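Top line first, the protein sequences correspond to chains A and B. Just so we're aligned: the first sequence equals residues 2 to 397 in our numbering. Just so we're aligned: the second sequence equals residues 106 to 518 in our numbering.
Derived from the structure by calculation, the hints contain no laboratory data. Since we're looking at a predicted model, the values are computed, not measured. We put the CB at the ideal spot given by N, CA and C, even for glycine. Check each hint, because a few of them may be wrong.
[Claimed, not checked] Here are a few chain A residues that sit away from chain B, every Cβ distance over 10 Å (derived from the structure):
(1) E60
(2) F112
(3) P148
(4) M203
(5) L280
(6) R288
(7) L327
(8) M359
[Stated by the list, open to error] The calculated lysine-lysine pairs, modelled on DSBU-like cross-linking and capped at a C-alpha distance of 30 Å, are:
(9) A:K341 / B:K428
(10) B:K171 / B:K364
(11) B:K460 / B:K412
(12) A:K341 / B:K171
(13) B:K342 / A:K341
(14) B:K460 / B:K450
(15) B:K155 / B:K171
(16) B:K450 / B:K428
(17) B:K412 / B:K180
(18) B:K364 / B:K342
(19) A:K341 / B:K155
(20) B:K171 / B:K329
[To be verified] Pulled from the structure, derived: some chain B residues nowhere near chain A, Cβ distances all over 12 Å:
(21) D203
(22) A256
(23) D298
(24) K412
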Amino acid sequence: MTNLQPAHHAAGVNNKKWAIGFSTVVGVIFLLNVFVLPNSNTQVQRFFNAWFSLNSLAEIMIWILMALGLNIIVGYAGLLDLGYVAFWALGGYVAGWLMSPFLSQFQVNFFGNARVGFDQGIHFHVFLVLILGGVFTAIWGVIIGGPTLRLKSDYLALVTLGFGEIIPQFMLNGSNIFGLNVTNGAQGIGGLDQPNIFGYVMGTFALPQKFLMVSLMAGAMIFFSIRLRDGRLGRAWLAIREDELAASMMGVPLWRTKFSSYAIGAVGGGIGGVGFAILVGGVYADRFNFVISIIILAMVVLGGMGNVWGVVVGATLLAWVNSVGLVQVGQLINNTFDTKFNFPSYQFLLFGLLLVLMMLFRREGFLPEARMRMVMNEEKLEDLEKVTDDTKIGSH
Amino acid sequence: MIKPIKIGALAIAGALALAACSGGSDSAGSDVLVVGTDLPLQGASADASKSTNEVIALVLEQAGGKAGDYTVEVKEYDDSTAAKGAWDDAACAKNAQDHVANANEVAIMGTYNSGCAKIILPVANEAGLLMVSHANTYPGLTITWDAGEPALYYPSGARSYARVIAHDGFQGTAAAQYMYNELGKRTLALLDDTQAYGIGLADAVEAEFTKLGGTVLRSGWDIKAGSINTSTFEKVKGQGADIVYYAGIFDNNGVQLVKDKTAVLGDNTVFPSMAPDGFSGYPVLREMPEAEGLWMTFAGKSLDGIKKGGGQAAAFIDAYVTKYGYEPNSSYAVYGGVAMQVIMKAIAASDGTRKGVLDAVFAGEQICLTAEESVSGMGFCLSTETGDVDTVTMTLQQMTGGVETDIRTIDIS
């Protein structure tokens, strides 16, 4: 008991550390955009807008949320999910249904912020929509996970791949489900309500405030990810990831534990989907394709499966490259060397190359989880031992 | 625990120092005005967008880089990402904020995709920034269509969006008039692809065909790739249909649909069929023997039509070929030039502010382009109420010998 006390205390200190660090970074970005940049000269504004625009930074926070959600499924529980984009879509559509005039057959306003002249539809408060978005996707995680989680890894991956294709297709073609327009098909749902937080309406140009909101969401996800990992459930996930049979022998209920990872992981997608819809002002089915699932997976793998900070780094890096990084770096190279390469068109080539290099030289990711690093090194050691044994056998 | 705080404090101090060293931001009302083009520069539409930007550059060059007393510059925005290979909602949302943040920007030329326009338009509208599109055909952007449209896109309550191309509603009307008046058909089998574009188009066809006195047999077609639709055609055959209209896009199981129609109703010499521009530009369709004789409509003039029309428009295409060494990618690129001409007229008639440019289109005299000055060879005026063109030209085409051949243009006023 006395031994546990310092460890618990240390965890508390660590939580405080990252919380202060994260808040500082978010706070600096917020203050910079609210007080400093508007009073800076055009060149400074242009630089920040081109390389680190607030829109891109807010989008990065959404990607972090998504990646952390998937990290629970893939990084913690070791279940390969190739259709995570479906949860993003579901979360987005929850926002579309509950924060816009789209479902015009209803006229419900529950602390919502309906635009003037658009009382029809459902208008819930943004906090409620965030909760419902998380709950809705968790339910879908349960529905999909329930019958499929008994499958082994490859087969489960195929099922999730199917799920990731079906949901977006449903959204794309859902303008006439038995005569009902459920998703507005390819046209999507626009005109989302502007969030009203404690009386402050986040208008069209309240980007710093929206950034703050999605940052808080990402921060909450980081907190829960860390707490979950360190808890009983998290240890059970890690045990399953390392050795399912051994975990089962030690009394870990396999199905129930996997099931919970799928449901809880889905919540990240749902909440992120709501946040993204608020940022964009609508939800459009075009976004939800297989490539997005793969990018989120790559964020987890490149960053360091299982390690929250690794995943945050992976998500930040890839989201920035996709949003503005590659275009800006490309322009810089073209201007410096007077070349005319269209760098964005080589994105997947560069991306593939990076993946190959990572798998060859650092397959545990940028910031690997200590346990994952040990496992990787263990494998390397085993390989080395085998080679040594073979050499010994050969020399005899 | 101290470290992050130290880093944060240093960052804040650095940022404040940066601000202290710098001056204020640029003010509006400068003599150099910016027009932002907002197009998908990556993915499948990249070539069309590149061509559109080139046409716009040439329009500006031929005007000496000036609109009235103002020097005009073009800033290119990309609303696509490599990951999607198409327009991206997040990129559109970012561009919307960037357009507004650029103090010298007085108008947006774009977008190419209606979905992207739905995201940018409300933001630009709130900032009083004019937007003129060369390619958005979704009707709800300017007229009543889905619930809440178009008011949803104009939060300021005032209009700020115009387009130089006809919306899908016009295309449906033109098609219905042609089938009833010129082909003499009275019972139309109207099939839609159950998607927004197809349903909207079918609504317009149905309304006009019924108004003319014809009978409409309407149903949806199965868009799942390879799905058989023969039972639909058997049914309309039994009901006495004498023409088929495919309201939708060819990507939605169009190959099988056209084959099934021919199998049940016969080829187009026996039983004619008609399709919108959602069936245009597909090499697979051109190569299908079943497509021979298919009637098609295209909003605006085709590139061939522009060249054959002669005059200023044909001369502009020649100038483009001389400058770049190849023809514009599509007629949409040329319409990008028309949109730029509209914006330049508005700038010339303005006081150089965003409000002035916007008022020139929606509050002052109508902005008109004559056929002689328009780079598409089509004259029109923009409605100050909706921002739509008042004269719509549709091109009637027929598939002959595997080529979409222009038959003639149809003007709808």
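Hint check results:
no.: 1; hint: E60; in the structure: 5 Å, violated
no.: 2; hint: F112; in the structure: 21 Å, holds
no.: 3; hint: P148; in the structure: 24 Å, holds
no.: 4; hint: M203; in the structure: 13 Å, holds
no.: 5; hint: L280; in the structure: 6 Å, violated
no.: 6; hint: R288; in the structure: 6 Å, violated
no.: 7; hint: L327; in the structure: 7 Å, violated
no.: 8; hint: M359; in the structure: 18 Å, holds
no.: 9; hint: A:K341 / B:K428; in the structure: 19 Å, holds
no.: 10; hint: B:K171 / B:K364; in the structure: 53 Å, violated
no.: 11; hint: B:K460 / B:K412; in the structure: 36 Å, violated
no.: 12; hint: A:K341 / B:K171; in the structure: 28 Å, holds
no.: 13; hint: B:K342 / A:K341; in the structure: 58 Å, violated
no.: 14; hint: B:K460 / B:K450; in the structure: 14 Å, holds
no.: 15; hint: B:K155 / B:K171; in the structure: 22 Å, holds
no.: 16; hint: B:K450 / B:K428; in the structure: 24 Å, holds
no.: 17; hint: B:K412 / B:K180; in the structure: 28 Å, holds
no.: 18; hint: B:K364 / B:K342; in the structure: 15 Å, holds
no.: 19; hint: A:K341 / B:K155; in the structure: 14 Å, holds
no.: 20; hint: B:K171 / B:K329; in the structure: 51 Å, violated
no.: 21; hint: D203; in the structure: 7 Å, violated
no.: 22; hint: A256; in the structure: 6 Å, violated
no.: 23; hint: D298; in the structure: 10 Å, violated
no.: 24; hint: K412; in the structure: 29 Å, holds
Violation of the numbered hints given earlier is confined to hints 1, 5, 6, 7, 10, 11, 13, 20, 21, 22 and 23; the remaining hints are satisfied by the structure.
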